[in-house]
Structures are given as C-alpha cells and as structure tokens.
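Kindly produce the complete structure, drawing on both the sequences and the hints.
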Amino acid sequence: MNLLFRLEYSVKGVDSGIRNFRKAVIKKAIALEEKIDSIAAANEATNVIDNSRTRDWSRSC
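Mind the numbering: the sequence shown is residues 0 to 60 in numbering that gives the first Met the number 0, read in order.
Don't read these hints as lab results, they were simulated from the structure. Note that this is a predicted model, so its numbers are computed, not measured. Yeah, the Cβ is synthetic: ideal placement off N, Cα and C, and Gly gets one too. Please note that a few of the clues may not be correct.
Derived EDC-like pairs (lysine to aspartate or glutamate); straight-line CA-CA distance at most 20 Å [to be verified]:
| no. | residue 1 | residue 2 |
| --- | --- | --- |
| 1 | 22 | 33 |
| 2 | 26 | 14 |
| 3 | 22 | 32 |
| 4 | 26 | 36 |
Label-pair distances were calculated between CB atoms; the ranges are [what the hints assert, rightly or not]:
| no. | residue 1 | residue 2 | range |
| --- | --- | --- | --- |
| 5 | 46 | 19 | 36 to 44 Å |
| 6 | 44 | 5 | 32 to 40 Å |
| 7 | 2 | 37 | 22 to 30 Å |
| 8 | 15 | 35 | 41 to 49 Å |
| 9 | 31 | 5 | 12 to 20 Å |
| 10 | 30 | 5 | 15 to 23 Å |
| 11 | 35 | 14 | 26 to 34 Å |
Structure, rendered in structure tokens:
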C-alpha cells in the first residue's frame, strides 16, 4: 500500500491515462484491505463468542 502511495506522488505530469490507472489500482487495494479488515473483525468476534461459550460450559461442569 505504501508503495502505491509513493508511486502516486513520485511521478508528476504523467499521461492522465496512467494516472487514472494508478488511482483505480489504489482504490481496489483499499477496497481489498477493507474487506480483509472486516473478515478479520468478524473472525475475532466469532472467537470471542466461542470463548465465552467455552467458559460458560466449563463453569457448568
């Protein structure tokens, strides 16, 4: 991600088609990062629920 940002600001005055392509790639990378973050957050929430169920089960025994 950092590489894409450096590329965005490193080359000035480049053809607008190339600039638009770079922007599209950056937007897709950000969207992918957000999806990965949401999957990780959902997985973490599931782990918290599973852990609380395990604790409740062990207390009832």
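Hints and how they fare:
1. 22 - 33: At roughly 16 Å apart (the allowed maximum being 20 Å), residue 33 and residue 22 satisfy the hint.
2. 26 - 14: holds (19 Å)
3. 22 - 32: Holds: residue 22 and residue 32 sit about 15 Å apart, inside 20 Å.
4. 26 - 36: holds (15 Å)
5. 46 - 19: 36 to 44 Å: holds (41 Å)
6. 44 - 5: 32 to 40 Å: With Cβ atoms ~34 Å apart, the hint holds.
7. 2 - 37: 22 to 30 Å: At 23 Å between Cβs, range holds.
8. 15 - 35: 41 to 49 Å: At roughly 30 Å between Cβ atoms, residue 35 and residue 15 fall outside 41 to 49 Å, so the hint is violated.
9. 31 - 5: 12 to 20 Å: For residue 5 against residue 31, whose Cβ atoms are near 18 Å apart, the range 12 to 20 Å holds.
10. 30 - 5: 15 to 23 Å: This hint holds: roughly 20 Å between Cβ atoms.
11. 35 - 14: 26 to 34 Å: Because 31 Å falls inside the window, the suggested range holds.
The structure is inconsistent with hint 8 alone, although it conforms to all the rest.
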